[in-house]
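K.L.:
Listed here are the chains, written in short residue letters.
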Amino acid sequence: MTTTQRITIDPITRLEGHGKIEIFLDDQGNVANAYLQVPELRGFEQFCVGRPAEEMPRLTNRICGVCPEAHHMAATKTLDALYQVEPSSAVKKVREFFYSAFYVTDHTTHFYALGGPDFVVGPDAPAAERNILGVVHKVGLEIGKQVIDCRVRNHHVIQAVGGRGVHPVAGLPGGWSKAISKEERDEFEQIARQNVEFGLFSLKVFEDIVLGNQEYVDLVTSDAYTERTYYMGMVDERNRVNFYDGQVRVVGPDGKEFVKYHPRDYLKHIAEHTEPWTYLKFPFLKGVGWKGFVDGPESGVYCATPLSRLNASDGMATPHAQAAFEKMYETLGSKKVNGRYEPVHFRLATHWARLIELLYAAERMLELLQDPEITDPNVRAPITAKPDEGIGCVEAPRGTLTHHYWTDERGVLTRVNLIVGTTNNYAPIAMSVKKAAQSLIKKGTVISDGLLNRIEMAFRAYDPCFGCATHALPGQMPLEVTIYDAERSVVERLQRGV
Amino acid sequence: MRESRSASTLVLGLGNPILTDDGVGVRVAEAVRAALPPDADVEVCEVSVGGLRLMERMLGYERVILVDALQPGDGEPGTLRRLTLADLAEMSATQHSTCAHDASLITALETARRMGMPVPGEIIIYGVAVQDVLNFGEQPTPAVAAAIPAVVAAVLAEIERAGPPGREE
Numbered sequence: 001m002t003t004t005q006r007i008t009i010d011p012i013t014r015l016e017g018h019g020k021i022e023i024f025l026d027d028q029g030n031v032a033n034a035y036l037q038v039p040e041l042r043g044f045e046q047f048c049v050g051r052p053a054e055e056m057p058r059l060t061n062r063i064c065g066v067c068p069e070a071h072h073m074a075a076t077k078t079l080d081a082l083y084q085v086e087p088s089s090a091v092k093k094v095r096e097f098f099y100s101a102f103y104v105t106d107h108t109t110h111f112y113a114l115g116g117p118d119f120v121v122g123p124d125a126p127a128a129e130r131n132i133l134g135v136v137h138k139v140g141l142e143i144g145k146q147v148i149d150c151r152v153r154n155h156h157v158i159q160a161v162g163g164r165g166v167h168p169v170a171g172l173p174g175g176w177s178k179a180i181s182k183e184e185r186d187e188f189e190q191i192a193r194q195n196v197e198f199g200l201f202s203l204k205v206f207e208d209i210v211l212g213n214q215e216y217v218d219l220v221t222s223d224a225y226t227e228r229t230y231y232m233g234m235v236d237e238r239n240r241v242n243f244y245d246g247q248v249r250v251v252g253p254d255g256k257e258f259v260k261y262h263p264r265d266y267l268k269h270i271a272e273h274t275e276p277w278t279y280l281k282f283p284f285l286k287g288v289g290w291k292g293f294v295d296g297p298e299s300g301v302y303c304a305t306p307l308s309r310l311n312a313s314d315g316m317a318t319p320h321a322q323a324a325f326e327k328m329y330e331t332l333g334s335k336k337v338n339g340r341y342e343p344v345h346f347r348l349a350t351h352w353a354r355l356i357e358l359l360y361a362a363e364r365m366l367e368l369l370q371d372p373e374i375t376d377p378n379v380r381a382p383i384t385a386k387p388d389e390g391i392g393c394v395e396a397p398r399g400t401l402t403h404h405y406w407t408d409e410r411g412v413l414t415r416v417n418l419i420v421g422t423t424n425n426y427a428p429i430a431m432s433v434k435k436a437a438q439s440l441i442k443k444g445t446v447i448s449d450g451l452l453n454r455i456e457m458a459f460r461a462y463d464p465c466f467g468c469a470t471h472a473l474p475g476q477m478p479l480e481v482t483i484y485d486a487e488r489s490v491v492e493r494l495q496r497g498v
Numbered sequence: 001m002r003e004s005r006s007a008s009t010l011v012l013g014l015g016n017p018i019l020t021d022d023g024v025g026v027r028v029a030e031a032v033r034a035a036l037p038p039d040a041d042v043e044v045c046e047v048s049v050g051g052l053r054l055m056e057r058m059l060g061y062e063r064v065i066l067v068d069a070l071q072p073g074d075g076e077p078g079t080l081r082r083l084t085l086a087d088l089a090e091m092s093a094t095q096h097s098t099c100a101h102d103a104s105l106i107t108a109l110e111t112a113r114r115m116g117m118p119v120p121g122e123i124i125i126y127g128v129a130v131q132d133v134l135n136f137g138e139q140p141t142p143a144v145a146a147a148i149p150a151v152v153a154a155v156l157a158e159i160e161r162a163g164p165p166g167r168e169e
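Chains as they are written, first to last, in my numbering: chain A, 1 to 498; chain B, 1 to 169.
No lab work stands behind these hints, which were simulated from the structure alone. Don't take every hint at face value.
What the hints assert, rightly or not - What follows is a set of in silico ranges between Cβ atoms, one per label pair, in the way DEER data are often shown:
1. B:D87 <-> A:G140: 30 to 38 angstroms
2. B:Q139 <-> A:Q190: 42 to 50 angstroms
3. B:Q139 <-> A:S89: 55 to 63 angstroms
4. A:D124 <-> B:R161: 39 to 47 angstroms
5. A:P126 <-> B:R81: 26 to 34 angstroms
6. B:P142 <-> A:D371: 49 to 57 angstroms
7. B:P142 <-> A:S89: 48 to 56 angstroms
Backbone N, C-alpha and C define an ideal beta-carbon position, used for all residues, glycine too.
Throw the hints in and build the complete structure from the sequences for me.
P.N.:
Now the structure itself:
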C-alpha cells in the first residue's frame, strides 16, 4: 500500500467540473478519513438580484438540466407566496399532475441508468458495463424499450402541460398558463395507466434481481451502508408522502416525529454548518445541534431522499404504492411502533424507495386525471397584493427543495436563497462515503475498480446533483476517487465520466 | 423520439445560456438559424441536456451537428475542434455530451441502436474551448465571443457539405 500507483479507469473525460472523493489511509493502511469535494459555480443569487421575480420559474429551471421541473415548481409556489395568492384546487391538481409525470421519468432514469446497473450488471462488473447498455444486455432489449418508452411518453406530458420540453414555462403566480383539455386528459390517462404498469413492473424487476439474490440482500443490509440519522420529507394532512405540497416532517432515528413545520418556517428549524476543508455548507436540525459527521439521535444530521420521505411518512396515498411500502418495511425487518413502521436506515434501500415513489407518482397521475377539476379551464388568478417576501417548497427527487425570494414593492428581486435537494444530504453523503470506505478498505486490501465502485455506491444511492447544489449546470459531473497513503502519495485513482 | 421529421439535418446548440461560456453552443445555434435560408432542410434547436435526453432528441434525423463547450484545458479559449463520436469516445467529452445522472451520449446512442431506434447516420460535434463555465452571466468571455462567427461559418459549411449521410464515423 505504500507504492505510488495511479490507475485511470475511465480516461474519456478531462472535464474540470468534477466531483472528487478523497480517501486518506493511515500508517496501518486503514482509512483515516474520506472527503467529498465538488466544483463550485458562483453568482446565481447575484445574477437574480435586480430581475423581476416572475422570471424566476423560467430562470431557476436554467440552473439545472436534470430537474428543471422541480425548480420551476418551487419557484412558481414561491411566487404564490410572494404575491399572496392561493391557487385554486384545479390549479394545484394540474401542477401536481405535471410534477408527477416528472417524477415518473426522473426515478425511472435513475434506477435503470444509474442505480440499477450496480445490481443488474453487478457491483464488481467492469465500469464500461455498469450502465443502461449493460442492463439492456443483461435483461434484454424489451426492458430497454420500456425504459425509453416511459421517458418519451412522460416527456410528452411534461411538454404538453409545462409548455416546453426541457425547461417548462407554464407556472404563474397563483396559476398555470395552460389548462388541460378533455382530449389531452383522455390521452394522458392511457399514459398514466402505462406508468402504473411500468411502476409495478419495475418493482418486480427489483424483487427478482435484488431480493432474489442473497448476496445483494446482504449488501443492502450491511453495516457499511447503514446510517441512523433523522429523516425529512413533505407530508399531506394524513402524514402520507406528497411531492407537491404539505408540511415538512422530520422524524428521529427511532421514527418518532421530531418536528413538523410549514415550509415557510424552514429557517427556524434548519441551520448550516461550515468546515474549513470545503465551501459546502452542511444543513442540520437547529433543535438538535451540530455534533459533527456522526449519526444517532444526538446529532442534528438529517437526510432528505426517497428513503427519507418514506421514513418520515406514515405511508403512501395510493393503493399499490402503499402495498409496496409495507412490503419494503416488512422485508427489511422494520417493526411497527404506534401504527408506524420504524425507519429503514440501509442507504442502499433508497433504490427500493425510489421505485415505490415511482409507482406512487404513476398512480397519483391517474387519480388526478380522474378528478373532473383537472380539465377546469380557469387556471389563472388575479394578482392584487404588493410583493415583499415569499417562500416555496416542493419535494425534488433528490430532496426537499426550498426557494426564498425577497423583493421590493415592484416585485424586483433584492435577495434570493435556495436550499436544493442535494444540499440537505451533504453531511449524510460525506458520512456514507467515509463509512463505506472504512468498512471496505482494510490494511492489505487490494484496491480494485469494483471496490472503489462499492464506495461510490454509497454516494450514488443519494443521486446527488452537486452541480445544482452549487448552483451549477449539473448532470455533467464526473467523479474521481483518489486514495492517498499516510505520506499523502496517491495510491489509487478512479475516474468516472458517465 | 420524434414522431415526424421536418428536416433531415438537425443542428443542436448545447449549453446553459446563463452560465457565461457554457452557452456558446446556444449562441452559435441562434446565429446559424438566422443565417440559414427559410427553405433549408435543417432544423436548429438549443437544448441544455445530456445523455439519454440528448440521444432522444436526435432520433429520426439523418445527420446531427452538435455545438458544445469544451472545458478549459482543451486549447486556448475560442479554439474550435471538429469531433466525431469516435473522437469523443477516445479522448475528451464536451460539456454536455455526458451526463452524471444517466449515461454518456455514446452509451445512450449505442443503447438506442441496440433497440433498433432511428439513430442518426452521422453525428458531428463542434467543440469550442471555453474559459469560464463556473460563473453565472449572460455574456461569454471575450475570446469565446470573438470565436462565434468562425464557429457559425464552420457549422454552415458542414451543413452545405454535399453527399448523402454515411454511417457515423
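K.L.:
Honestly, which of those hints from before does the structure not fit?
P.N.:
Failing hint: just 3.
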